[in-house]
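Protein chains in written order, with my numbering: chain A, 1 to 721; chain B, 1 to 149.
Keep in mind the hints are simulated off the structure, nothing from the lab.
Check each hint, because a few of them may be wrong.
[Unchecked claim] List time: in silico DSSO-like cross-link candidates among lysine-lysine, alpha-carbon distance up to 30 Å:
id : chain 1 : residue 1 : chain 2 : residue 2
1  : A       : LYS201    : B       : LYS148
2  : A       : LYS153    : A       : LYS179
3  : B       : LYS86     : A       : LYS94
4  : A       : LYS201    : B       : LYS86
5  : B       : LYS124    : A       : LYS602
6  : B       : LYS116    : A       : LYS606
7  : A       : LYS318    : A       : LYS555
8  : B       : LYS86     : A       : LYS197
9  : A       : LYS606    : B       : LYS124
10 : A       : LYS565    : A       : LYS552
11 : A       : LYS149    : A       : LYS189
12 : A       : LYS606    : B       : LYS69
13 : A       : LYS92     : B       : LYS124
14 : A       : LYS189    : A       : LYS201
15 : A       : LYS410    : A       : LYS648
16 : A       : LYS191    : A       : LYS201
The primary structure of each chain is shown beneath.
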Amino acid sequence: MTDIATTALSRRFFLVSSAAVGGGLMLGFGFAKSAGAAGDAEGPIGAQLNNWIIIRPDGTVIVRVARSEMGQGSFTALPMLVCEELDCDFSKVKGEYASATENLDNSFGNMSTGGSRAIRESQEYLRRAGASAREMLLEAAAQKLGVPKSELKVENGVITHTPSGRSVAFGDVAEAAAKLKPPPAAEVKLKDPKDWKLVGKAQARFDIPDKVLGKPVYGIDVRIPGMLYATLVQCPVFGGKLKSFDEAKVKGMPGVRQVVAMPDAVAVLADSYWQAKRALDAMPITWDEGPNAGVDEAAITAMLKEGLAAKEAGLVQKEGDVDAAMPKAAKVVEAEYSAPFLAHATMEPMNCTAHVTADKVEVWAPSQSATATLNAAAETAGVDPKKVEVHITMLGGGFGRRGAFQDFVKQAVFLSKAAGKPVKLLWSREEDMRHDYYRPVSMAKFTMGLDKDGTPTALRTRVSGQSILIAVRPKEVKDGVDKTFCEGLREMPYHFENLLVDYAMRNTPIPVGFWRSVNNSQNGFFKECFIDEVAHATGQDPLEFRRKLLAKSPKNLAVLEAAAKQANWGTPLPQGIFRGIAYHDSYGSLVAEVAEVSVSDKNEIKVHRIVCAVDCGYVVNPDTVVTQIEGAIVYGLTAAFYDKITIKNGRVEQSNFNDYPMLRLRSMPTIEVVQVPSGGFWGGVGEVGLPPVAPAVCNAIFAATGKRVRSLPLRDHGFTA
Amino acid sequence: MVRLNVNGREQQVDVDGDTPLLWVLRDTLGLTGTKYGCGIAQCGACTVHIEGDAVRSCSVSAASVEGQKIVTIEGLSPDGSHPIQKAWLEVEVPQCGYCQIGMIMAAAVLLKEKPKPTDADIDKAITNICRCGTYTRIRQAIHVAATKA
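All chains should be modelled from the sequences, with the hints used to inform the complete structure.
In structure tokens, the structure reads:
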């Protein structure tokens, strides 16, 4: 088996030239791929110590990054992990994308960027790669200086022979080191976390300087000589097909070069996006709407509602005996919750540029998974994946839209093949809104039994709704159970002697996909509002009640306490302001939030402050943790206040930011992030701030108004932001 | 043909006069710093300066701005030295960065008109959409720029 921490790819760096990666075409490109290794304007070819690390004679260290940068800071944090063990000078470090083509043998491991995984799933092999390379550099230095390796010290990219004071820089010995046999990754010793110098200390993000200049090349900005601009319209009804279109009506319009029919779409190719768009809008098109033309909200709601009561459901988790315990309860509290479809609405609409030639397929895409992009392009072009080269551009947001589903890539490759030219496909915002892979609809019904002291004795949870995994990774669905659908409701830190969680899968024809925090987004809202209901129904303070539930989970309890302390829970607030609290773990991290909210007599809600306490185990780049939590809170607040995708006649009713609004600056609360990293584990941070925010706000609304919100968005209940 | 003055340079551009300025900037002139987000003046990703005002370039035609002074991010400063850009860097505002150009262009006009903006001024002037949720830092960076300008 290949060891991805220490293996060096033998063949490729001599094949890749900066011209081949489009260096000349892609001025200002965010992160060039492999250009540094082959030599470019900035310097000569460096020595490659393993897949991840190249060191140039001047000491510049190039670290390969296999995860996409979409603003979450991976492009900085992942090199930090490598360099912590390498002990190089971090001011001389540059990141560059690993190649998906070169990863066909898994040299770089998993390249997908989602599930808050970038750090937690690659930290081990990245640190080992750094440590292994350091050992090789030390060995080479020992040989060069003619001294025992044990007498050498390394710091900031300089290796010093302590007894004599002689030293060599990494750049001086990198070439010799690269010729040595790497020590086996498993034998390489990693630093004790208490000795970390880089990890855990704030580092400026590599991607920011260009971003204030407008220089990074996003997918939408790619320009290839001879390229045509394309835009398309897909059948508005999911599952429908293209029936007919009148090309003659638009063929003579300015700039129009070609009209391409696809099974479920029509595209216009022109000399500019606007020319393509204008022609597309003018073209008569008829659709075969297919079997889903009658699907609407009422039918979907009824189907999910039926699932809540259905006799048959897949068993997710069972502890003790709920059926026996429930009738003995002194009090039973029951409630049903629901959450709508949601769009991702990345600021950069879906797009991809493709160039299909006789011997190669080249793709430029804002993609969360270079591997998925490569496979999609190869499949569409009908070529061996080895003949595909993927350039990951800067991403204008991802949030799960640009990973598992590569529809925009397939379309661009299809169009380039049809045109025999490079094609940049860009969707309009309307197309982006109406052809997403939406956050699924779901419902939950909770029944909790409590004894006379308000201590829970049993909890029954039934969830109903559409599975993502059944469409994406059907093998992971067993006995009707999609475990992702139930994340956050199963294996909870809350302790229940008797617990039953089951799932009635109810799939609609609407395409669904991963959306920031996936099912935790609904389940966190359902669970934490219900817990709040039970607390109030039994006369208990919502914080006290959660303390009780977390009594056997000290780490989790500490996070709850940290949020409560920062928010001064229990102390008086200015008149009219009320608190709500929520606790929800996800992606390996522990999170509690407190919201402070006021509600006017016209039902206008103002969120004044959100406190978030988070324990993600080890922290890599502290400020990135803060910004990711802030971002997830805004994403969650937007969903809580405004948004739902609704279906009428088999199609999405919303179209743009006018009818699918976003939270704006004027509605922003103060956000305080309290980091309480306890070490010993690696938790994700990209999504974890989201699940607790809607319930914290809704629980505060209950405290303010006595009105219990059991479905989102809030504007459905007459509340405005 | 339309005569445009972009970043101090007068030029004849071969486009239909009704083409939105955004697409002339991006596709014809190659000034891709200005972004497309919605096409209906909702999100502000396409914000540029026209005669010193912050304008959503997706919703003005090229012909309507003939002869007017248009400034894009590429012309805001040659090297990122505009106080707003410096503050944006200092506070590390951008996440994905896609909306940030529009934010910077809008904030630059605010700062010119109100050198010491209050939070209420910022609420009123910055109506662009950021999906990554950088609003807190945008507010902070505008205050930083106001302090240092």
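The hints, checked one at a time:
1. LYS201/A - LYS148/B: 27 Å, holds
2. LYS153/A - LYS179/A: With a Cα-Cα distance of about 21 Å, the restraint between LYS153/A and LYS179/A holds, given a limit of 30 Å.
3. LYS86/B - LYS94/A: 22 Å, holds
4. LYS201/A - LYS86/B: The hint holds at about 22 Å.
5. LYS124/B - LYS602/A: 22 Å, holds
6. LYS116/B - LYS606/A: This hinted pair holds, its Cα atoms lying about 25 Å apart.
7. LYS318/A - LYS555/A: Answer holds: LYS318/A to LYS555/A is near 24 Å, not above 30 Å.
8. LYS86/B - LYS197/A: 28 Å, holds
9. LYS606/A - LYS124/B: Distance ~16 Å between LYS606/A and LYS124/B Cα, so the pair holds.
10. LYS565/A - LYS552/A: 20 Å, holds
11. LYS149/A - LYS189/A: 15 Å, holds
12. LYS606/A - LYS69/B: Answer violated: LYS606/A to LYS69/B is near 40 Å, above 30 Å.
13. LYS92/A - LYS124/B: 42 Å, violated
14. LYS189/A - LYS201/A: 22 Å, holds
15. LYS410/A - LYS648/A: 27 Å, holds
16. LYS191/A - LYS201/A: 16 Å, holds
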